[in-house]
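Student: So you can see what is in the structure, the chains are spelled out below.
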Amino acid sequence: MPIRFNDAKLGSLYTNFETQKRSDPNLKLGQDQVLQLVALVGDGHRGWSGNKVAAELNKPGMTRDQQVALVKGGMTANEKKDLAAILDQGTVPLEPSAKQFLEAVLDRGAPQPPPPPRTNGLAVSGDQKNGLTGTAKAGATIEAINISTAPGGRLHMDDTTVIGKADANGAFTMARLTGDQAMREGDLIRMRARNADGSTSDWVTIKATGIASKDTNNATVALFRIGLADVGNGKVSVNNINESRQVSEPGAQLELTNKRTGEKTKVTVTETGGFPAGFTVNGKPGDSFAVAASDGVNNTNFAGSVGNVTVPGGAPSNTDLIPDPALHRDELDAAGKPRFSKVNFTGPLFVDGAKAEDVRQGQIGDCYFPAAIAAIAKSNPEAINKLIKDNGDGTYTVTFKQRDWNTQGFKDVAVKVDGDLWARSYGGALYGHSANSSDPKKMELWFPLVEKAYAQWKGSYNEIGDGGHSSDVFEAVLGRDGNSMNIYAGNLDRVFDTIKKNIDARQPLAAGTYHDEARYTNTGVYGDHAYSILGYEQQGTERFVILRNPWGESEPAGNGANDGVFKLKLEAFAKLYQNLMYTS
Amino acid sequence: MAKPPEPIEDVMPNAAWVVEAEVKEVLSTGPTPPQPTNAQPGATSVGYKSASQTVKLSISKVLKGEQATELVVEKPVGSYSLRPGNKGPFLIDKSKTILGRYGPDSWHLDRIKAAMK
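Line by line, the protein sequences give chains A and B.
Residue numbers 1 to 584, in my numbering, belong to the letters of the first sequence in order.
Residue numbers 585 to 701, in my numbering, belong to the letters of the second sequence in order.
No lab work stands behind these hints, which were simulated from the structure alone.
C-beta atoms are modelled at their ideal positions from N, C-alpha and C, and glycine is treated no differently.
A few of these clues could be false.
[What the hints assert, rightly or not] Here are the simulated DSS-like pairs of lysine-lysine, each with C-alpha atoms no more than 25 Å apart in a straight line:
(1) A:Lys266 <-> A:Lys9
(2) B:Lys633 <-> A:Lys575
(3) A:Lys355 <-> A:Lys416
(4) B:Lys671 <-> A:Lys569
(5) A:Lys355 <-> A:Lys442
(6) A:Lys80 <-> A:Lys28
(7) A:Lys386 <-> A:Lys401
(8) B:Lys671 <-> A:Lys567
(9) A:Lys386 <-> A:Lys235
(10) A:Lys235 <-> A:Lys137
(11) A:Lys575 <-> B:Lys671
(12) B:Lys680 <-> B:Lys648
[Said to hold, decoys possible] Heads up, incomplete: computed chain A residues facing chain B, CB under 8 Å, no partners named:
(13) Tyr368
(14) Gly468
(15) His515
(16) Thr521
(17) Ala530
(18) Trp551
Excised from the complex, chain B in its bound form (with noise of 0.2 Å):
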């Protein structure tokens, strides 16, 4: 459902790691959500998601949290899905699930470093 993402300053504060990394694997994919039934042909926003996914991160560069080079991650069910090769700066959470609407597309890097001061 293409909503905005949600205000950095009410995500930040459940970020435990803030990381620039790339998706290094997919290692599980959950089942198929269910999906809206009564959307008319070519309506947009209707609110479609995917499933979630267990995906390895290869970290570059940690701005918060515990310094690691890898991070197995939950990707919940939501608006986007990830593959191999995606990148981009990801908020996790202390249970180790990404945060954000749109996971690495959610907020600009500027954006976060400017949240996290």
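Isolated chain A (complex conformation) (with noise of 0.2 Å):
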């Protein structure tokens, strides 16, 4: 029998759980429905909006007592007969916790335990506005973090700072944090004493306050932090994928807007800087999420977003404007479906220039690749800009050279492309991408739609991830004939002339390693890779071959800053390295 409600925005929200639950049988009401429902029911008294009770409830720093009391206050004898209707007809079941706050608001259940005691106490007393003051006991040293400002950085919730100590009668003052942790108005101060003997109080949460006259900091959202999984049934789970980490300050409220079908949902950040157990939003692979945060003082209605996340699989939300080349099978799930999603790349074709640098490998066995295409922007950037050309409508046109058998020249093979990448559910391409920046906005977009047009071009990542020759790639991009050279002890001058006569003339060369993994552990080289030979050296008898490892990074020791490029003397060259490619 249809619960009879006094209070008709009450009865109409817990109708539209009635109707959720018909399409989801596993709904449950937790917390956040519940703190939906008392919101209403919390007006009664003072005048308020449902919405301004909400608001109240969901301030950060709330107590589950202060929230009970606030709803008790403000609820008027007919909306106690909905909420105990709800308790004892409802048909939309309770999560234990929402069952018990309900519970508690009608003065039902057992009482509540006391807190346990605490442990050598401490108390903060006082405004921060020169500093933290309270007491501990005699000795103790007062360590804090800011939890407002920890989701931005790596730390952990219990990576404090010592900030202060407790005098011989237990008391501290002017206790405070610096730098990236430094105490603004508003932010949630996490701290607890520790004791000469190495015991810790417990944990002390406190809202700064009296450093300045209003809050302007909102909530920090870790949006890398939060991992968008399919569940089936037209649900995404929503998670933490650092547990250990926060993805914005406890309280504070997170807002996915699901960009296909513009349904909002909004969800309470835990204590512990995360999502609740089994929190869920409707959506499907492919789909991406407008993230908005509120700490309940600044963007209370959440029109300023933080960015995105997106489930990964499936077709992206926004228009695709060409086919893209199919994901690595790698990178697919063992059902064949992928592991990743695509983000459209809006950044600039060129930042300043093509430049080897530029160029990086992704998580793609193509080191090939990457390793011709960065020799080629080293010795000739201009065959780089003839590459690629902008359309100006989001689509690139390559052009390649493909070997004409007929006229034993080269002809051109135009591949049209658009800014949509494989990028991790945190941001960043998956594949090739740029030094300069990670975001899809900014990164500079030359290489990464380079090596999707040739993927484009032989099929698909798959087709291209699996090896090569960097030989082929300069026929393909310079439209001169590739050509390979074994390296050995007795061959070095040769190897040395090829190397200079090519660098002086401006053509690319690239170098491959063995595939015997030995010999390379701990050299800074790695087997089975390819490298750009980016210049040499002569120095009186002694010669060098200059290297990049197309990762941008992991290098022989000794090398300056751990950018890739590095210098082996011709010998250790030769001993380390199978093949020269180049240019005829």
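Build the complex: two chains, separate frames, hints provided.
Tutor: Written as structure tokens, this is what we have:
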């Protein structure tokens, strides 16, 4: 029998939950949903709107008891009957914590046990204008972390800094965090006291006040820790992919807007800075969600978004201008579905021209390709400028050279691509990318798009991601015959002359290592790998080869900054590298 | 296969130990894994793999995990192999398997330390 509600808004919201239950038989009302319900009954006595009550209930730092008191203070007798009916006759099950909350609002159930006594108690008093003041055990050090700023960095919630020490009377004053963690008005500061015997007090979280007239700093959100996964039945689970660090500050509200459907879902960040267990939103693979945050003071209408996160798999939500090359099989799950999704990159094609250091190999076995492209960018950047053209409509044309067996020459093959690239859920291109930025709006696009076009031309990333020859890439870009030479101790002069001749003629070279991995461990050079040759040096009788790892890092020790560029004596080069690739 | 090392941020959560260590002894080597059969001569990134190994590490410093001076760990089938004397930072999971596509050559120590913060 349906519940007859006295409060129409409450009745409407509960009916909505009942409707959801019919399409999702496993639905249970959790704390977030119950707070939505009680916000509508807590408005009775004060003349507040439901939104105002909701905002108060969700303010950071609100304890459960304070929430219960707030609701009880604004609840009419009829509304109390409505809540009792939900508890006793409701058809949508309640999670235990939600049930207990409603029971507390209705003064039902066993009395809550008193909070456990605090050991070596820490108390904080006063505002933080001049640093924190409080008491602890005599001689205890006071540790703190700003959990409002921490999500933007790499801190765990217990990565504290010592900010003060209690004197012989147990008092401490002027304790303050500095640097990136400096307290700002409204920040949440998590503190504990560490006693001389090594024991610690319970954690105490306070809200910084008295520092400024207004709290203008909204909750920080670590988008890169938000993991979305399709769980079937139109649901997407939302998790903190690194549970030991925060997504945002406890108590902050996040709003996820499905950009395909427009549906908005709010969630309150837990005490540990993550999402409630089992939290889901409606969506499917490929859906992109805009994330907005509010600390209860700033951005309360969630108008300002902090960025997007995407559900791996499926087609992207945006319009695909041109079909994209498929993922390499290593990035498919057991069912053959992509483990990553695509993101539309809209950054500049070139930032300051084509340079070798722009090129970064991604998580694909095509080292021969970035090694060759970086070598061309170094020796002949104009060739890169001619290779790719921005069509001005979100598409780009890459013109490769294909051997024409009829003429014994090369003919042009134009490949059109758009800016969609396979990307990690927290942003950044999965495959080839550029050094300047991982931001889809800023990343220099020429190299990842040339790689994408090469994959498109050859069939898919699978077709280019299982090894190859840099000399083939030289041919495909320059339309010049590729060549290779084995390297061994007996032909060092010939090897060096070939390097010198090609570098001096502004022609690219690359070198490949052996497949015998055992010889490479701890050398800083990697087996089964291709490297760009950027130059040579001669110092008296000693000859050197200058190389670049297409990862843009990882090199033998003693070569300066870890940028992948290093120098080897010709003899050492000959021991580690098996072949040289160049154009004739 | 010369892919870059995995992003350390993806690997670090699985590390039960982070140690600076040297390979003291290779205790055993597993069977040779299947190798690519259609690779062209001279090609790179073909995906050749080395056999698994069981090795004894002599530990000079424990950066994360229970204190230990020696650990017997498994090097999985992959893109590198170990010999006595090889050293560097090792990330090891709870099943005592070495993490990182290139074992001790996967990431510089500074980057590992930064990822631990």
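Student: Which constraints among the numbered hints does this structure fail? Numbers only, ascending.
Tutor: Hints 9 and 10 are the ones this structure does not satisfy, whereas the remaining hints hold.
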